[in-house]
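Novice: Chains A and B supply the protein sequences, listed in that same order.
Per my numbering, the first sequence starts with residue 1, numbered consecutively.
Per my numbering, the second sequence starts with residue 1, numbered consecutively.
In short, the hints are calculated from the structure, not lab data.
In this text, all values refer to a predicted model and were calculated from it rather than measured experimentally.
Wrong hints could be hidden among the right ones.
Unchecked claim - Output of the computed footprint for chain A on chain B, the stretches with three or more beta carbons under 8 Å from beta carbons of chain A:
| no. | stretch |
| --- | --- |
| 1 | 47 to 53 |
| 2 | 75 to 82 |
| 3 | 100 to 108 |
All C-beta atoms, glycine included, are put in the ideal place defined by N, C-alpha and C.
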Amino acid sequence: MIAHTERAHTWQRQAHGALVIIKKNALLHYLRPPVLIFGVLFPVFFFLAFKMGRPIAPEAIVPGMVAMALWFTASAVGPLVTPWERRARTYERLIAAPVSLRAILAGDVLSGALFGGCLSVVPVALGLSLTDASIARPGLLVCGIVLGALSFASLGVFLAAPPASSPSNIMLLSNLVRLPLLFVSGIFVPIARMPGWARWVAPISPLSYAGDLIRCGFGQPAYFPAWLSVLLLVAFTAALFAGACRFHRMWRAKGL
Amino acid sequence: MSAVIEVQGLTRRFGSLTAVDHVAFSIEEGELFGFLGPNGAGKTTTVRMLTGVLEPSEGTASIQGHEVRGEALLSRAHLGVVPEEANVYLDLSVWRNVMLMADLHGIPRAERVREGARLLDALGLGDRRKHKARTLSKGLRQRLMLCAALVTHPAILFLDEPTSGLDVQSARLIRGIVSELNRDGLTVFLTTHNMAEAEEMCSRLAIINHGRIAAIDTPDGLRSVVRTSQYVELRFDGEGPPAEELAALPAVSRAVAEEATLRLYTDAPGRAAAQAVRLADDRGLAIAHLCTRTPSLEDIFLHLTAGRAEEAQP
Numbered sequence: 001m002i003a004h005t006e007r008a009h010t011w012q013r014q015a016h017g018a019l020v021i022i023k024k025n026a027l028l029h030y031l032r033p034p035v036l037i038f039g040v041l042f043p044v045f046f047f048l049a050f051k052m053g054r055p056i057a058p059e060a061i062v063p064g065m066v067a068m069a070l071w072f073t074a075s076a077v078g079p080l081v082t083p084w085e086r087r088a089r090t091y092e093r094l095i096a097a098p099v100s101l102r103a104i105l106a107g108d109v110l111s112g113a114l115f116g117g118c119l120s121v122v123p124v125a126l127g128l129s130l131t132d133a134s135i136a137r138p139g140l141l142v143c144g145i146v147l148g149a150l151s152f153a154s155l156g157v158f159l160a161a162p163p164a165s166s167p168s169n170i171m172l173l174s175n176l177v178r179l180p181l182l183f184v185s186g187i188f189v190p191i192a193r194m195p196g197w198a199r200w201v202a203p204i205s206p207l208s209y210a211g212d213l214i215r216c217g218f219g220q221p222a223y224f225p226a227w228l229s230v231l232l233l234v235a236f237t238a239a240l241f242a243g244a245c246r247f248h249r250m251w252r253a254k255g256l
Numbered sequence: 001m002s003a004v005i006e007v008q009g010l011t012r013r014f015g016s017l018t019a020v021d022h023v024a025f026s027i028e029e030g031e032l033f034g035f036l037g038p039n040g041a042g043k044t045t046t047v048r049m050l051t052g053v054l055e056p057s058e059g060t061a062s063i064q065g066h067e068v069r070g071e072a073l074l075s076r077a078h079l080g081v082v083p084e085e086a087n088v089y090l091d092l093s094v095w096r097n098v099m100l101m102a103d104l105h106g107i108p109r110a111e112r113v114r115e116g117a118r119l120l121d122a123l124g125l126g127d128r129r130k131h132k133a134r135t136l137s138k139g140l141r142q143r144l145m146l147c148a149a150l151v152t153h154p155a156i157l158f159l160d161e162p163t164s165g166l167d168v169q170s171a172r173l174i175r176g177i178v179s180e181l182n183r184d185g186l187t188v189f190l191t192t193h194n195m196a197e198a199e200e201m202c203s204r205l206a207i208i209n210h211g212r213i214a215a216i217d218t219p220d221g222l223r224s225v226v227r228t229s230q231y232v233e234l235r236f237d238g239e240g241p242p243a244e245e246l247a248a249l250p251a252v253s254r255a256v257a258e259e260a261t262l263r264l265y266t267d268a269p270g271r272a273a274a275q276a277v278r279l280a281d282d283r284g285l286a287i288a289h290l291c292t293r294t295p296s297l298e299d300i301f302l303h304l305t306a307g308r309a310e311e312a313q314p
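With the rest of the complex left out, here is chain A (with noise of 0.2 Å):
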């Protein structure tokens, strides 16, 4: 019985831990021209430069542009965090106080899904308001979103684990992970009409299932059932989080 006690007071204290993460990294990080840049802007530029002289009608394109821009903003947080306080020194004195490390790093990526869950209102009340798309199956669209943020951001963690001189090389690195999965997760074009080899890699991205959870919220047909995406997602967050555990546990080993 104390034994039971002991650990539900561990636990209440580590996810106080990753609330005070999260508080910090929306008071620090959110607004970072980095994060500005790759999570905000990238999203609107690479939708015009999809839209803009290409017969498609207007609604047809809102679920894309919904995933991709939850990808970006989820994902651009957890990239930034831990670069920047390692280069500032901070994160010494966050792995000195009496939080573990999975603490820390669960605080950075709901921080990220926060941020990208947050923002991603923005497409879709923009695709509500300016064109006839709308939502026919809303559990399925919050489900693409929250699980979509929660991997989107899992993977940003992850990739934040090498350690790096400045910021700006872990986010090309992200870049370098980021982009080719965009093409070949059925964001500008729908699955099913992608060449076979990209049909071969698309399960690979959680873009993939997150975006068709989406479409399929608003009322567009799926490529993947929706019970085996919500599956799959739920699996990259644990997968990428115990990865970005796993790594920055190791890095943190070598004094890095």
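Let chain A serve as the given structure and place chain B on it in line with the hints.
Specialist: The following block gives chain B in isolation, referenced to the frame of chain A:
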């Protein structure tokens, strides 16, 4: 008194370099323990292992009975850390910096607000609480770091070169507050290479060199380690006897002339001084200046670290 920090065989390797090599010591509750060493001796690496920032390659360390590896969270719950560089969050206000650390340590809101305000006032930052930390000078940032460490109610305070490069006022304020907290029972682990600071503040000292502990004792105890560094300083009114003649006195082990001043190295300063006075009387010489000197902490430090440096040379 009980040991609040126990270190056994603590070792840290970075590739082929052994930065800390089987270090062992224990610190009692309420001690102000100084950790001295030249640059690159392993001071900061030791602190980083004790505070959970780095994992030891070998050995054990416990803080208040909690292993730094196996019970990392429990061991860190008792610590306040002021690192060498004042790594405050530059884009947060002074107040938010303090509240953030208190919140991370789970200090209840009412308590952290009260304590934060009290500490900021005590450290001369009360009127700057809304300022961004970026606008503070190095000395004020270091005070802010101390404030953020103390607001967590630590049982042990780690200070890594806390006054290095600070203005006199900030350095004195930090030393004063730390000494006062120590008098009130706070255990302090101070790393420094400022000998005067260590001598003034510490009840016990460890000297680390090339990753190994060269000596641990009270400042007086360390002085006795280098008894032959005690000397009698002597100056004659006019020309005195040659240094070789003074070196031949029974209580004198060595005599060194520095212009008109002679240093008679001895492990019995009183006897050496008496013999030198007798010699002067016998020769009809007048002594203009005579005093005995014990080795300063700097002498001890140089003695211990130079010895190890010579050993380390191929």
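Novice: Holds or violated: the stretch 75 to 82 of chain B covered by chain A, criterion of 3 or more residues with Cβ-Cβ distance under 8 Å?
Specialist: holds (count 4)
Novice: In terms of beta carbon proximity below 8 Å, does the stretch 100 to 108 of chain B have 3 or more residues touching chain A?
Specialist: holds (count 6)
Novice: Are there three or more residues in the stretch 47 to 53 of chain B whose C-beta lies within less than 8 Å of some C-beta in chain A?
Specialist: holds (count 4)
No hint from the list above goes unmet by this structure.
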